[in-house]
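Undergrad: What follows is the residue order along each chain.
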Amino acid sequence: MKSAEEIFSLLKEKYNDGVMELVKQPVDPYITCDPLLINHISLFLMTHEELLFDNLMNLSGVDDANGKSAPVNGVNTIEGGTLSVYYHLESTKFRHKIVLRVSAPRENPEVESVTLVWHSADWHEREAFDLLGIQFLNHPDLRRILMPEDWEGGYPLRKDYANPEFYRGMKVPY
Amino acid sequence: MGILDKQFDDNIIIAKVDDLFNWARLSSLWQVGFGLACCAIEMMATSASHYDFDRFGVIPRPSPRQADIIIISGTVTFKMATRIKRLYEQMPDPKYVISMGSCSNCGGPYWEHGYHVLKGIDRVIPVDVYVPGCPPRPEALLEGLLKLQEKVRNESMVKKSA
Numbered sequence: 000m001k002s003a004e005e006i007f008s009l010l011k012e013k014y015n016d017g018v019m020e021l022v023k024q025p026v027d028p029y030i031t032c033d034p035l036l037i038n039h040i041s042l043f044l045m046t047h048e049e050l051l052f053d054n055l056m057n058l059s060g061v062d063d064a065n066g067k068s069a070p071v072n073g074v075n076t077i078e079g080g081t082l083s084v085y086y087h088l089e090s091t092k093f094r095h096k097i098v099l100r101v102s103a104p105r106e107n108p109e110v111e112s113v114t115l116v117w118h119s120a121d122w123h124e125r126e127a128f129d130l131l132g133i134q135f136l137n138h139p140d141l142r143r144i145l146m147p148e149d150w151e152g153g154y155p156l157r158k159d160y161a162n163p164e165f166y167r168g169m170k171v172p173y
Numbered sequence: 000m001g002i003l004d005k006q007f008d009d010n011i012i013i014a015k016v017d018d019l020f021n022w023a024r025l026s027s028l029w030q031v032g033f034g035l036a037c038c039a040i041e042m043m044a045t046s047a048s049h050y051d052f053d054r055f056g057v058i059p060r061p062s063p064r065q066a067d068i069i070i071i072s073g074t075v076t077f078k079m080a081t082r083i084k085r086l087y088e089q090m091p092d093p094k095y096v097i098s099m100g101s102c103s104n105c106g107g108p109y110w111e112h113g114y115h116v117l118k119g120i121d122r123v124i125p126v127d128v129y130v131p132g133c134p135p136r137p138e139a140l141l142e143g144l145l146k147l148q149e150k151v152r153n154e155s156m157v158k159k160s161a
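Protein chains in written order, with numbering that gives the first Met the number 0: chain D, 0 to 173; chain L, 0 to 161.
Take these hints with a grain of salt, some might be off.
[What the hints assert, rightly or not] So these bits of chain D aren't anywhere near chain L, every CB distance computed over 12 Å:
1) Gly73
2) Val74
3) Gln134
4) Glu148
5) Asn162
[What the hints assert, rightly or not] Within a straight-line C-alpha distance of at most 16 Å, the following computed EDC-like cross-link-like pairs (lysine to aspartate or glutamate) qualify:
6) Lys94(L) <-> Glu154(L)
7) Lys96(D) <-> Glu4(D)
8) Lys94(L) <-> Asp121(L)
9) Lys170(D) <-> Asp121(L)
10) Lys78(L) <-> Glu151(D)
11) Lys15(L) <-> Glu154(L)
12) Lys78(L) <-> Glu148(D)
13) Lys158(D) <-> Glu111(L)
14) Lys96(D) <-> Glu148(D)
15) Lys170(D) <-> Glu111(L)
16) Lys94(L) <-> Glu149(L)
17) Lys92(D) <-> Glu49(D)
18) Lys170(D) <-> Asp140(D)
19) Lys78(L) <-> Glu12(D)
20) Lys96(D) <-> Asp53(D)
No wet-lab data here; the hints were simulated from the structure. Cβ coordinates follow ideal geometry from the N, Cα and C atoms, glycine included.
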């Protein structure tokens with residue numbers, strides 16, 4: 000069983016550029032990583048014999064809403080800032096856990112897919128794509144998963160999301 | 000009705016066609032076997048032995064073509080709304096709709112931030128009875144059914160009741 004500091008130093012040794020910092024906090028300390036290297040980092044974490052993170056417990060997208068917000072035509076919009084993806088990992092052999100975080104610019108949120116490392120990431124990534132518009136590169140089947148396939152109202156979990164007026168002739172707002 | 004008194008054996012019953020038809024209809028309102036969310040659990044409880052929907056002639060049918068009512072029991076998403084519309088259109092006339100619970104009445108707790116929820120099934124199909132509650136207890140659904148029976152009882156072949 001390894002502590003977050005030990006896991007971080009192992010990662011830092013291997014990926015000096017791709018791993019940024021360890022954010023310490025009482026519950027779930029997390030490591031920030033490069034979104035375009037996350038697939039390599041994930042593979043390392045899963046295969047390293049002292050780490051063996053074989054279980055992706057959760058993968059979630061977050062709108063950090065840390066850009067500039069400005070009302071355009073009465074609708075609040077956010078410019079700049081980042082969208083993030085969090086990976087909650089566990090090793091079923093060593094029982095240690097770690098959280099990874101990657102942040103990508105809001106205007107072009109591209110993150111490498113980790114489906115080749117953990118197959119269970121498939122639908123989680125589709126959900127993050129569906130609701131936040133995060134583009135997972137090299138994902139085998141990046142389609143909407145919850146919203147209707149012909150939905151054109153945007154990404155509902157973004158903080159500057161505004162309801163469309165109609166969907167297929169049905170009024171959307173209350 | 001006197002049926003149990005064996006009065007049918009050598010007698011004739013005279014009734015208005017309206018009344019006879021209405022009585023037959025309201026006593027056998029077959030529902031589409033269709034549930035959506037937590038309201039569907041209450042609906043199933045209403046069908047089960049304790050509340051016994053069957054004593055009012057309500058039995059679930061697996062096909063909309065053999066059904067008289069559809070109980071919209073739960074949250075209606077936009078995706079599901081298109082399917083419900085199709086189910087409703089497949090039902091033969093006369094057909095009735097009970098909207099069960101806050102979600103299908105008006106969007107319920109999703110009224111403001113539910114980006115995927117239709118704010119009331121009456122935006123898609125006409126509703127005869129609204130049953131409030133979140134979810135409504137079986138008694139409330141039974142009350143809604145009695146209201147619907149009242150409505151059917153006052154129908155006429157010549158003019159449609161309100």
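Undergrad: Glu148(D) clear of chain L by more than 12 Å, beta carbon to beta carbon?
TA: Given a closest Cβ separation of 9 Å, the condition is violated.
Undergrad: Straight-line Cα separation of Lys78(L) and Glu148(D) no greater than 16 Å?
TA: Holds, because 9 Å separates the two Cα atoms, which is no more than 16 Å.
Undergrad: Hinted pair, alpha-carbon criterion (16 Å max): Lys170(D), Asp140(D). Please report holds or violated.
TA: This hinted pair is violated, its Cα atoms lying about 31 Å apart.
Undergrad: Report holds if the minimum CB distance from Gly73(D) to chain L is greater than 12 Å, and violated otherwise.
TA: 17 Å, holds
Undergrad: Taking only the CA atoms, is the gap from Lys158(D) to Glu111(L) under or equal to 16 Å?
TA: Measuring from Cα to Cα gives roughly 14 Å; hence the hint holds.
Undergrad: Under the criterion that the straight-line Cα-Cα distance not exceed 16 Å, is the pair Lys96(D), Asp53(D) satisfied?
TA: Answer holds: Lys96(D) to Asp53(D) is near 10 Å, not above 16 Å.
Undergrad: Is the Cα-Cα distance between Lys96(D) and Glu4(D) 16 Å or less?
TA: Since the Cα atoms of Lys96(D) and Glu4(D) sit roughly 12 Å apart, the hinted pair holds (cutoff 16 Å).
Undergrad: Within a Cα-Cα threshold of 16 Å, do Lys94(L) and Glu149(L) meet the stated pairing?
TA: It holds: about 15 Å lies between the C-alpha atoms, which stays within 16 Å.
Undergrad: Take the C-alpha atoms of Lys96(D) and Glu148(D), compute the straight-line distance between them, and say whether it is at most 16 Å.
TA: Violated: Lys96(D) and Glu148(D) sit about 36 Å apart, past 16 Å.
Undergrad: Just want to verify: Asn162(D) was marked as not at the interface with chain L; is every Cβ pair farther apart than 12 Å?
TA: Check fails; 6 Å does not lie beyond 12 Å.
Undergrad: CA of Lys78(L) to CA of Glu12(D), is that 16 Å or under?
TA: 49 Å, violated
Undergrad: Given the hinted pair Lys78(L) and Glu151(D), is their alpha-carbon gap at most 16 Å?
TA: The given pair, whose Cα atoms are some 13 Å apart, holds under the 16 Å limit.
Violation of the numbered hints given earlier is confined to hints 4, 5, 14, 18 and 19; the remaining hints are satisfied by the structure.
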